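Trainee: Residue-level listing of the chains:
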Amino acid sequence: MLLSVKGLTHYFGGLRAVNDFNMEIEKGIIQGLIGPNGAGKTTTFNLITGMHVPTSGEIIFSGDNITGKPAYHIAGKGIARTFQNLKLFSRLTVRENIRVVQNKQGKDAAAEEERLIKLFELEKYAEYRSCDLPYGAQRRLEIARALAIKPKLLLLDEPAAGMNPSEVDNLSELINMIIKEFDITILLIEHQMRMVMKLCHKLTVLNFGEVIATGAPRDILNNSGVVEAYLGKGGASIRGKRSER
Amino acid sequence: MELLIQTIINGLLIGGIYITISAGFTLCFGVLHVIDFAVGEWVMLGAFITFIISTSTHIDPFLLLPLIFVMFFIAGYLLQPTLQRVITKNKSNALLMALAFTFGISVLFKGAALTIWGFNERNLVTILSGKSISLLGINIPSLRLGTFVFAIIITIVFLWFLQKTRFGLAVRAAAERQDVAGLMGIDSNMINKVVYAIYTGLTACSGALIGAIFSINTEMGVRYTIFAFFVVVAGGLGSIEGAIVAGILLGLLNSFISVYIGGQYVFLVLFLFLYLILLAKPKGLLGKGW
Amino acid sequence: MTKNNKALVGLLLAGIAMLMLPLVISSFWLRIVTGAIMWVGLAQSWNMLAGYMGYVSFGHGAFFGIGAYVTAILMAKGLPFIGALVLAALVTALFAAIIGQPTLRLQGAYFAIATWAFAEGIRQLVLVLPFTGGANGMRMEAFLNENFFYYSMLLVSAAAVAVTYFLFQKAVFGLRVRAIREEETASQALGLNTTAIKVKVFALSALFPGILGGVYAYWITYIHPESVLTPLIADQMVVMALLGGLGTIAGPIVGAMVLFLGNRILWVMFGDTSFYLVLLGLAIAIVILFLPDGIVSLFTRKKKTGEGISKENVRNITG
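Protein chains in written order, with my numbering: chain A, 75 to 319; chain B, 117 to 406; chain C, 951 to 1269.
One should not assume that every hint holds.
[Unchecked claim] Covered stretches of chain C, going by a simulated chain A footprint (3 or more residues, C-beta under 8 Å):
hint, segment
1, 1054 to 1061
2, 1119 to 1128
[To be verified] No more than 25 Å apart at the CA atoms, straight line, and that leaves these computed lysine to aspartate or glutamate pairs for DMTMM-like:
hint, chain 1, residue 1, chain 2, residue 2
3, C, 1120, A, 182
4, A, 161, C, 1096
5, C, 1120, A, 247
6, A, 198, A, 247
7, C, 1150, A, 186
8, A, 101, A, 197
9, A, 226, C, 1133
10, A, 254, A, 197
Bear in mind the hints are in silico, worked out from the structure with no lab data behind them. Quick caveat, the model's predicted, so the values are computed rather than measured. Every residue, glycine too, gets a C-beta built ideally from N, C-alpha and C.
Modelling step: build the complete structure from the supplied sequences, incorporating the hints.
Mentor: Take a look at the structure:
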């Protein structure tokens, strides 16, 4: 297993954001993390990447226990991420956005920088400040920047947010390209179900901070609990179960 | 024992005025998201204007309070659009630019006051000056009691305005979310102007009260900037309940340090305390701030 | 001649002119220029922290004061000036590193208020400590050589400018510092040890004011809390950098020159006047209102913003 998360629990004040979360990710696949808004997906990302320290639980990444380690340390171990609301270094150029996170500078790094700019079709913007880029290019740059730290695991937080259908298709191709071009594993948070079904090898479904299903996309689609959680019809019954406790 | 009680009473009485300063200041933060560096200079100006009017008309400073409020309300109302411009023009770091801007205003006010009035100390005389009430061996200066009562009245009127009037409701809504107030049909620019105006008015009034107790000079401002920062940081930025608790705490701390440790240590302790609170509890001692 | 060579020649000529200056101007004006150069170094140091990293300190004057006091105290103990100055520099930077660790966890206005509280605390501390002379301050033996102080200030301030250029403008370190200014959380999540970087920048931005404070103390020979620890020092650093242009190398230089020389001209014309404060305050307010990017933004054309990007896309970005 590249990543295994055991019994991860996190409270914000008195609020339980993530509860007894378990997940395993095999090397080389695209795994999806789905669930309705507020289910705790982004919190899970924040916990894995060390931006929050979990209340309890364990995160093992390629054999190392990284629970509660500082974010830069975890990134150094090989976990990179993007953000739901873009967090680019706005007044740095595209090139600088990539260069600044590379941990070694020199010939190889410069070559890698060129390669990323090409692969993500950012050549014509290379010397532009990232805040001056069109939205789609900003999204691509954020992924390129994450890859610049040479991660083994890439966490993508709603990369298709704000995109139109044709842009979403392009993004799907891009993600497939990443899996081929880089020796990498991807964990994807996404609401665009069409994209998730097309891309992911395995899905984990989260609701109210708890895992309600795990499995192949087909099986998940036929799982009534998941459909209820999404359609909201059965959402009431889940909420009911929660308050009984 | 008597000294202890005396110290507590002094602390509580002066704490009342700190509440008046901080209530407006913290509301100003809550609604405008502005930390006004010039708060102490508004106190200084309030004290000086009161002194000038009072000495030329021989009207008691306490009776001048409504006039002072109105004058500074107008001043704040006129200044706010400029401040608003700074906030809207620098959206990405509005808080900081506003802090720097009001910092400029504070330097300007202080410089102007020094240029016009010089360094001399002045004393505001009120009807209560020099009198005192003795109760079970405890001596309470009438002036301090009077200013305390006025400070509490002002604060209560202010809270009543916030809680009971329609405009106050809009202000509280604006403190939560800028757009909600708009939905109530009240112009958010109007709210911003009025909130800032109330803040300058209240602060100038507390300046008049402070001037009655202590002597007035053009360099007194920074002291009250410190106090206001102390109260809102300890209380949690934007929290009025927090400001009330922290105002009393500041009064007590002030009076205890001067009596039991020594007057020259008051500011050292306050600054250290402020610094440490910020490090340990940036949301204030009650944890209610932003 | 290429553009780069031209700049280099210009810089060289300016350097020679600076070195020759004491030969051509009176000692009265030399003192004023020495002061201006000191302020260039101070404003540039503040710029490292606030301009490049986005952490606005309202208490940076404290490091100037600490440098001045440590130098004075060590010299009173019999150390020669250079020894005292080196130790003062180390003490200031170390002190900043220790203070920086917890303080830099705060952001925005909280950081600004904390640094201000800290600096005022230092001033109060100096007033009550047994070995600082309290409000009476400290006197040092006078060393009456204006040229020595001119060249010392020039050396330190030039070093501050050079560090800003090579470390903050040209090196990857500077890129990382600016990344923290833009998006601190993203920097962390992408492997930058932000705490370490921030502490380094904080210590560096305190080091130069510390040294300048030490030189200043020996130059003026009499220091007291109201001279080297007055909040006005931090205030002026802020204003000079803002006035010239934050996060640029030329900004603080221009800002310091304009403000300090303006101040001195007023002083020559009207004597010691509090009216300076009125102008200072007005300058801050006006710059923030109308020129938030400083004087230098009038001369640098905006480069490569929006070119080749359709209006629609721009709308997408902002929307």
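Trainee: Need the status of pair residue 101 (chain A), residue 197 (chain A): alpha-carbon distance at most 25 Å?
Mentor: Distance of about 31 Å is beyond 25 Å: violated.
Trainee: Just to be careful, I want the Cα atoms of residue 161 (chain A) and residue 1096 (chain C) compared with a cutoff of 25 Å; is the pair within it?
Mentor: violated, 52 Å
Trainee: Check whether the Cα positions of residue 254 (chain A) and residue 197 (chain A) lie no farther apart than 25 Å.
Mentor: holds, 21 Å
Trainee: Is the Cα-Cα distance between residue 226 (chain A) and residue 1133 (chain C) 25 Å or less?
Mentor: holds, 23 Å
Trainee: Starting from residue 1120 (chain C), check that the Cα of residue 182 (chain A) is at most 25 Å away, please.
Mentor: holds, 19 Å
Trainee: Measure nothing beyond the straight line between the CA atoms of residue 1120 (chain C) and residue 247 (chain A); if it is 25 Å or shorter, mark the hint as holding.
Mentor: violated, 37 Å
Trainee: Please count how many residues of the segment 1119 to 1128 of chain C have a CB within 8 Å of a CB from chain A and say whether that reaches 3.
Mentor: holds (count 4)
Trainee: Are three or more residues of the segment 1054 to 1061 of chain C within 8 Å, CB to CB, of chain A?
Mentor: violated (count 0)
Trainee: Taking only the CA atoms, is the gap from residue 1150 (chain C) to residue 186 (chain A) under or equal to 25 Å?
Mentor: violated, 28 Å
Trainee: Would the hint linking residue 198 (chain A) and residue 247 (chain A) be met if the CA-CA limit is 25 Å?
Mentor: Cα-Cα ~21 Å, so holds.
In this structure, the earlier hints numbered 1, 4, 5, 7 and 8 are contradicted, and the remaining ones agree with it.
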